Amino acid sequence: MRAAGPWNTHDKTQGSVVLEGRALEKRFGSTVALAGVEQAVRQGEALAVMGPSGSGKSTLLHCLAGIMKPDAGEVHLLGRRVDTMGERERSALRRTRFGFVFQFGQLLPELPAEENVALPLMLGGVPRGQAVRQARGWFAPLGLTGMEGRRPGELSGGQAQRVAIARALVTRPAVVFADEPTGALDQTTGHEVMNLLVSAIKENGAALVVVTHDRQVADWCDRVVEVRDGRIVTPAAGAAR
Amino acid sequence: MNSIRLSWRLLRGGGRKGLLGAGLTLAAVAVSSMLLVFAVTVNFAFDGRADRSAWRNPPPAAKVTGKKSPHKKDAVAVQAVHYQAVGDRMLTVVRLAALDERATPPPGLDRLPAPGQVVLSPALAEVLSGLGGAIGDLRPQPEGSVRLGDEALIHPGELVAVVGHTPDDPELLKPRKGAHGKDVPATWIKGFANEPTNDAIAYQALALIATVLIVVPLLVFGGAAARLTVARRDQRLAALRLVGATPGQVVLMTVAEAMVVAFAGAVLGVVLYGAAAPALSRIEIGGGPWFAGDLWPGPLPLLAVVLAVPLLVGVSAVAGLRRVVVSPLGVAKRETPPGMRAVRVVVFLAVVAAFPVRTAGVGVGVVAVMLGLVFLCVNLVGPWVVALIGRVTTRMARTPARLLAGRRLTDDPRSAWRTVSGVAMTGFVAGFIGLLTPGITSGEVEDPGVAMLIQDLKTGTIVVLTVSFLVAIASAGITAASSILDRRQTYALLRLAGTPLEVLDRARRAETLIPLTVMGGGSIATGAFTAMSFTGGVPSADGLIVLGVSVAAGFAGVVAAGALSRPLLRSVTTEPVPRPD
Ligand SMILES: Nc1ncnc2c1ncn2[C@@H]1O[C@H](COP(=O)(O)OP(=O)(O)OP(=O)(O)O)[C@@H](O)[C@H]1O
Ligand SMILES: [Mg+2]
Chain D
1 MRAAGPWNTH DKTQGSVVLE GRALEKRFGS TVALAGVEQA VRQGEALAVM GPSGSGKSTL
61 LHCLAGIMKP DAGEVHLLGR RVDTMGERER SALRRTRFGF VFQFGQLLPE LPAEENVALP
121 LMLGGVPRGQ AVRQARGWFA PLGLTGMEGR RPGELSGGQA QRVAIARALV TRPAVVFADE
181 PTGALDQTTG HEVMNLLVSA IKENGAALVV VTHDRQVADW CDRVVEVRDG RIVTPAAGAA
241 R
Chain A
1 MNSIRLSWRL LRGGGRKGLL GAGLTLAAVA VSSMLLVFAV TVNFAFDGRA DRSAWRNPPP
61 AAKVTGKKSP HKKDAVAVQA VHYQAVGDRM LTVVRLAALD ERATPPPGLD RLPAPGQVVL
121 SPALAEVLSG LGGAIGDLRP QPEGSVRLGD EALIHPGELV AVVGHTPDDP ELLKPRKGAH
181 GKDVPATWIK GFANEPTNDA IAYQALALIA TVLIVVPLLV FGGAAARLTV ARRDQRLAAL
241 RLVGATPGQV VLMTVAEAMV VAFAGAVLGV VLYGAAAPAL SRIEIGGGPW FAGDLWPGPL
301 PLLAVVLAVP LLVGVSAVAG LRRVVVSPLG VAKRETPPGM RAVRVVVFLA VVAAFPVRTA
361 GVGVGVVAVM LGLVFLCVNL VGPWVVALIG RVTTRMARTP ARLLAGRRLT DDPRSAWRTV
421 SGVAMTGFVA GFIGLLTPGI TSGEVEDPGV AMLIQDLKTG TIVVLTVSFL VAIASAGITA
481 ASSILDRRQT YALLRLAGTP LEVLDRARRA ETLIPLTVMG GGSIATGAFT AMSFTGGVPS
541 ADGLIVLGVS VAAGFAGVVA AGALSRPLLR SVTTEPVPRP D
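The listed protein sequences derive, respectively, from chains D and A.
So for the first sequence, the working numbering puts the first residue at 1; every next one is plus one.
So for the second sequence, the working numbering puts the first residue at 1; every next one is plus one.
These are computed hints drawn from the structure, not numbers from a lab.
Warning: the hint list may mix true and false statements.
As the list claims (entries may be wrong) - Simulated coverage check for chain D against chain A, where a stretch passes if three residues somewhere in it have a Cβ under 8 Å from a Cβ of chain A:
| # | stretch |
| --- | --- |
| 1 | 89 to 95 |
| 2 | 121 to 135 |
Said to hold, decoys possible - Part of the chain A face toward chain D, derived, beta carbon under 10 Å:
| # | residue |
| --- | --- |
| 3 | Ser129 |
| 4 | Leu219 |
| 5 | Val347 |
| 6 | Arg398 |
| 7 | Thr399 |
| 8 | Leu403 |
| 9 | Arg408 |
| 10 | Thr410 |
| 11 | Leu493 |
| 12 | Leu494 |
| 13 | Arg495 |
| 14 | Ala497 |
| 15 | Gly498 |
| 16 | Leu501 |
Note that the structure is a prediction, hence the values are computed from the model and not measured.
Glycine included, each C-beta is placed from N, C-alpha and C at the ideal position.
Please construct the entire structure, taking both the sequences and the accompanying hints into account.
What follows is the structure, given as structure tokens:
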């Protein structure tokens, strides 16, 4: 569970496909948010999604994560079709196979940090004591020693995001989705958090799909794609790194 | 003025959910205002009845000196009032002999009746003509004869006859059954203006107690409604503070907004009351329904309600805003809440302990004030108990739902209390009334006056409890909805992360039902304890039924209120992209 690690030495071409979106389309009224997107995510891969505001990045992420049903196209997770599942099933999938980090506000304000992290485990049926013990294990590697009992309101923005990362990873998900996870942080803190996120993901063998506006953040990732008007235009320059 | 315009914009620009919040406040304030007008008017109505029946309890002349020299200097008439049953209704017969022809007649009559003249109330005239015969010496009167005016009647259906006699008529002078079944003789009187009858005073006292039992929960409910607007806004207001609005501007804006909504709600409430008054006037108390005018409080009280309600809401809004105003980060940064101070419990216990002492042998006004005080103290101690329950629940929590509920109770005991306070305080009313409910039925009592009072106590109980429950359940529903709106971002993100809706729902249920059980039980006990100062302390079977039904209705109401807000929870959590607004 150690955080620091040479994650970018991974060979990004290796690993099997964990999650795949095929010909995804989504429209809101007359707005076309996704116009036929093909996107695969490999095991242990960190994928950055970039693009101008309103181009459909969040929509893509929500479709891949089973939050939203695409109008057309398919989503497969480890060979299982996700987009045709009912809400209950998708909900269970999100709880067990996916982790989420949002810009802010995902922590329950009334729960201490450690219980915020333990909550997904408890939802999965782990007894409370064990869940909290397991949750505490994530604090030191993420530089959160001593923050276990604090409320989200008593944490700095960066600390809160690190708690959110611990919460996303505690169930050992196959894929972690992050929508502008550093959007509410200053650059230095943002990079610190991103660094931790990517390395923690690698440590745990999960895949990462991160939406970001920050070129440098994208550069931490193995692969960068750019979305424009609901289409993936190019594997952007960062992918060549 | 600028900030008022700005706040108006804020209100309109709050979007669908913002308007929903304002709409809920409006509805809450309207319902409370309507019931407030009702509670106030009830007192006027009984005062009116007391005034209209006072002439049957006129002041005796200076000294009654036997039959030898009945003509006292200041006596204007000889009066005998007696009662008899006509079917299941009560007939009041007032026998009068004028001693002074120029004496002011009682209300409802143009002049004192001449010997042999019989004046009937409209309802009695109807009964007699329906009967086709006489009741004692009361015969049907020819069409177009003088009728007793409404000013002399307790209620429109009252059976009253005024019979004229000569002063020495033995029919007048012989003792007959009075109000409470005892024989009473005729009285030499010096006029018709007097204090209300004892029965009227009893009704006035009961009305006052009922008012307290209704108004206190209403105040709490109104306060909750005011907080609702503020709660909906505090995020936005914190943002305004961050942008640099001064505390004064922020307070002014929010309070203006809350008060505009409350004013509209109060006006709507008065209108609703006007619409409901005809139905309310059919409630039978004291043997009959009401005159339309009885339930019309007059312009001044209505104006007072329409002005006072927004003012109270404004004050409550200011109190709710303190957090935002103190620091720009107030709401954005939620910190470990400071514990509830135990002073609350001390005050509560002191007041409850003082109740039997303070109310022993004092006027009904003091009792009403003390009752209100105890009632308010239940509200004072509520959040403290909720916080305590929260800590216990948290410690014992095994499931995520319980943990969420426990933490939430500890985190914001005040708002958790607001959800159940209405119903819990109705528990107080039920406990109080449950112990006071007489075990005997009206049929078992000889005295028709007492029989009627018992019947009326039961009717009054039902009215007060119904109103209490309406308020309580409305407030539970409104606070449940508003707490979802307040926490919609968190709920939405929890859902995105795969938390089943049932877990959220179970947590919501636990966070209302656990405090409801404890505080509902506590306030029933408190209500029963305060009622013990007036009765022996053993509830009657009827009282237990009242209690049982109340408990069942309270739980059912709160569960239903929570269930009703479930679609809202669903809609809030299926919004694919949670946006902070
Ligand atoms: N719930 C919705 N209702 C209507 N239109 C929506 C909805 N969600 C997204 N859209 C529209 O779909 C398009 C794509 O939105 P999306 O949120 O995916 O953009 P984005 O790339 O994430 O932008 P940003 O970088 O600003 O977050 C936009 O035009 C947006 O207005
Ligand atoms: Mg987005």
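Evaluation of the provided hints:
1. Residue count for the stretch 89 to 95 of chain D with a Cβ under 8 Å from a Cβ of chain A: 5. That meets the three needed, and the coverage hint holds.
2. Check result for the stretch 121 to 135 of chain D against chain A: holds, 4 residues qualifying (beta carbon to beta carbon below 8 Å, three or more required).
3. For serine 129 of chain A, the interface hint is violated, the least distance from its beta-carbon to any beta-carbon of chain D being 72 Å, above 10 Å.
4. A cut of 10 Å between beta carbons decides the hint on leucine 219 of chain A: the least distance to chain D is about 28 Å, and the hint is violated.
5. Contact between valine 347 of chain A and chain D, as hinted, is not supported at the beta carbon level, the nearest pair being about 27 Å apart and thus beyond 10 Å.
6. Here the hint on arginine 398 of chain A is kept, as its CB sits about 6 Å from the closest CB of chain D, short of 10 Å.
7. With a least beta-carbon distance of about 7 Å to chain D, the hint placing threonine 399 of chain A at the interface is held under the 10 Å criterion.
8. With a least beta-carbon distance of about 7 Å to chain D, the hint placing leucine 403 of chain A at the interface is held under the 10 Å criterion.
9. Interface hint status for arginine 408 of chain A: upheld, as the beta-carbon distance to the closest one in chain D is roughly 5 Å, under 10 Å.
10. A distance limit of 10 Å between C-beta atoms decides the matter here; for threonine 410 of chain A the minimum to chain D is near 7 Å, and the interface restraint holds.
11. Given hint, leucine 493 of chain A at the interface with chain D, holds; its Cβ is 4 Å from that chain's nearest Cβ, closer than 10 Å.
12. Interface restraint check for leucine 494 of chain A: the shortest CB-CB distance to chain D comes to about 7 Å, inside 10 Å, so the restraint holds.
13. Nearest Cβ of chain D to the Cβ of arginine 495 of chain A: about 7 Å, under the 10 Å cut. The hint holds.
14. Taking 10 Å as the C-beta cut-off, the interface hint given for alanine 497 of chain A holds, the closest approach to chain D being about 5 Å.
15. A least Cβ separation of about 3 Å between glycine 498 of chain A and chain D falls short of the 10 Å threshold, and the interface hint therefore holds.
16. Of the supplied interface hints, the one on leucine 501 of chain A holds, with its beta-carbon coming within about 8 Å of a beta-carbon of chain D, less than 10 Å.
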